[in-house]
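*Asks:* For the protein sequence lines, the chains are R and Z, in the order given.
Residue numbers for the first sequence follow UniProt numbering, beginning at 1 and rising by one.
Residue numbers for the second sequence follow UniProt numbering, beginning at 1 and rising by one.
These aren't lab readings, by the way, just hints derived from the structure by calculation.
Just to be clear, a hint being listed does not mean it is correct.
Cut-off 20 Å, straight-line C-alpha distance, at most; resulting in silico cross-link-like pairs (PhoX-like, lysine-lysine) [to be verified]:
#1 Z:K76 / Z:K109
#2 R:K145 / Z:K179
#3 R:K77 / R:K110
#4 R:K145 / Z:K214
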Amino acid sequence: MKEKILEINHLTFAYDRNHQALKDISIAIYEQEKIAVLGANGAGKTTFFLNLNGVREPSSGEIRYRGEMIDKKNKTKLRRNVGIVFQDADSQIIASTVKAEVAFGPLNMKLPRGEVEEKTMEAIREMKLEDYITRPPHYLSGGEKKRVSIADILAMDSEIMIFDEPTASLDPVNAQALEEILDKIQQKGKTILLSTHDVDFAFRFAKRILVFCDGELIGDGTAQEIFRDEVILKKANLKKPVFMELYDLLREKGKIKETTEYPKKLSDIALLL
Amino acid sequence: MGKGKAYEQKSIDYYSYISDLGNWNAVYKVIFSMGGLITVIGADSLWISLVTILFMLFLSVGVGRIPMKAYLRLMKIPAAFLLMGGAAIMVQIGRGHNSIFYISFFQTKLYITKDSLLLAVNVTLKALAAVSAFYMLTLSTPMGEIISVFRRLHVPALILELMHLIYRYIFILSETNQKQKDAAKSRLGYCDMKTSFHTFSSEMANLLVLSMKKADMYYDAMEARGYEGTGIFWEETKTVTGKQLMYGALYTLLLMLVFIVLRRNV
Chain R
1 MKEKILEINH LTFAYDRNHQ ALKDISIAIY EQEKIAVLGA NGAGKTTFFL
51 NLNGVREPSS GEIRYRGEMI DKKNKTKLRR NVGIVFQDAD SQIIASTVKA
101 EVAFGPLNMK LPRGEVEEKT MEAIREMKLE DYITRPPHYL SGGEKKRVSI
151 ADILAMDSEI MIFDEPTASL DPVNAQALEE ILDKIQQKGK TILLSTHDVD
201 FAFRFAKRIL VFCDGELIGD GTAQEIFRDE VILKKANLKK PVFMELYDLL
251 REKGKIKETT EYPKKLSDIA LLL
Chain Z
1 MGKGKAYEQK SIDYYSYISD LGNWNAVYKV IFSMGGLITV IGADSLWISL
51 VTILFMLFLS VGVGRIPMKA YLRLMKIPAA FLLMGGAAIM VQIGRGHNSI
101 FYISFFQTKL YITKDSLLLA VNVTLKALAA VSAFYMLTLS TPMGEIISVF
151 RRLHVPALIL ELMHLIYRYI FILSETNQKQ KDAAKSRLGY CDMKTSFHTF
201 SSEMANLLVL SMKKADMYYD AMEARGYEGT GIFWEETKTV TGKQLMYGAL
251 YTLLLMLVFI VLRRNV
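Bound-form chain R, shown alone (with noise of 0.2 Å):
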C-alpha cells in the first residue's frame, strides 16, 4: 500500500451563507496516484483544489498532510506540497521573463539562490523551454504558456501537481504531449489531480476517478467502477467513454474476446477481436 499524503475530514467550505461551496466531503489521496477530476462546471472542482492547496481555508472539516493537522500557522506547507496549475494560464504567469516566471515560486519557497537556479532550469529543460528563458510571457504562444506554467509547479517540486483542465484550449497536437509529461511526471513520482470534461481522456488517464456534482463527492472509485455506475453517470451528466461503449457493443454482437479489464486504447481493442 502506497503512503497516504493527504487525508480530508468533512470538509465543508461556503463562499457565503446560503449557498456552500463544497458539502462535507472526505477522502484520502495516497502517493503516485493518478485520479481526474469530474463534474459540470461551477460543481466545486476548483474550489476543492484551491481548499487542498490552503488558498481557501475551509469552513469546517480537516485536512492532514502526512497525519499533520493543519491549521493557519502551517498552511504553508501545503501550498510548498501541493501545486496547482491553472486553467488559464495567464492568470498564473506574473514575472517579465520566462526565467524569472519559473523561479518565483522557489524563490518563496526561500531556497538558497544556487538551488533555486537549479530547479529553475530542471523545470524549464524538462518543458523544452530553454530557448525561451529571457522571453517575456505577453510574447509566447498559447501551448507556450501552458508549458511554463507547468514549469512553474515543477520547479516548486510539490509532492501533489494540480492541474485544472489542463486540455482546455490546447490544440490536439498540444493535449498528446501534454499526457505525456503527465505520465512523465506521475512516473518520477508524483501524484497527479487534474480536472477535465473529456471522459476518454479520463478514462485513459486515471486510475481513480472523483465525481462532483454541486458541491457534493458523488463519486470516488476506478475508473472502471464509475463509468459502470449509471446512477452516477446520469447525475453528473456524464457519457462513457467511447471505447468503453465500442466494448460493450462488441461484446453484445459476440465479435470480442470477454475481459475483465476495459480497454483503454484502440491497440487494446485490437488484441480482443
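Please build the complex by placing chain Z on the supplied structure of chain R, with the hints as guidance.
*Replies:* Relative to chain R, chain Z alone:
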C-alpha cells in the same frame, strides 16, 4: 491592419529583449546613459551632443544589432517634437535686425538670426542626444532589470512589486481589450459615431468589472505558489566585462578629444 498597429505598440519593449546589449550589466548601463545625459546637458556644446548622438546610435544599432530602420522609426517620435520646439526657438518676430533670412508676415517679419539658428540647433541636438542616451538604456534593458536597479537604489519593495505587476498586467489588459473590441466590431459595435461611443463606454465598464474579478484569481495563483506578502523576483547576475568597459572608455575618450579640440579653437 490590426497587426501592424499591435506591432507598433509593443515594439519599444520588444527590442529590449532582442538587443545584444541585453546581457550587459544593468547598473552599468544606467550609469552609462545617465553619464551621457549629464555630460550632454553640462557641456552645452554642439559637438558633444553630436558625438553622443552618433555614439549611442553606434551602441544601439551597431553593437546591440537593433535594426537601423526600427531605431530611426522610434527616434522619429521624440524628434518630431524636438524639431518643432527647435523651430519655435529659431524663428523670431519683429523688425529683423541682423537677420540672415526673413519673410514678411502681415505687418511684421518672421526672421532668423545667426544666434537664434545656432541656439536652436544646439538645443535640439542636446535634447536629441539626451533622448538617444536614454534610448540606449530602454532599448536594451527589459523592465525586470530596470526594476532590479531601482531595488539597488533602495526604492521601497511595495513600489517595485507594483511595477512588476503593472508591467505584466498592462499586456493582459490591452490583450483583453483587443478581444473585446474585435467582438464588438464583429457585431457592428463601431458602425457609426454614436454607437462607437456607446460601445467604447460599455467596453471600459466591462473591463473594470473583469479586472476586479480576475484580480482575485491572480491573487489566488500567487498565493498558491507561496506568495506571502512580499514579491520576490529572480534577478540574473550579469557581470561587467572588459568589453563593456571598453565601450565606456571609448565614449569618454571621444568626449575628451572633443573637449581638447574645442579648447584649442577658443
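*Asks:* It remains to establish, for every hint, whether it holds in the given structure.
*Replies:* Okay, the hints, checked on the actual structure:
Proximity of K76 (chain Z) to K109 (chain Z) is assessed by CA-CA distance (about 31 Å); at most 20 Å being required, the pair is judged violated. Using a Cα cut-off of 20 Å, the hinted pair K145 (chain R) and K179 (chain Z) holds, with the two alpha carbons roughly 18 Å apart. Simply put, K77 (chain R) and K110 (chain R) have alpha-carbon atoms about 13 Å apart, close enough for the 20 Å limit, and the pair holds. For the hint linking K145 (chain R) to K214 (chain Z), the alpha-carbon distance of about 18 Å falls within 20 Å, and the restraint holds.
Checked against the numbered hints above, the structure breaks only hint 1 and satisfies the rest.
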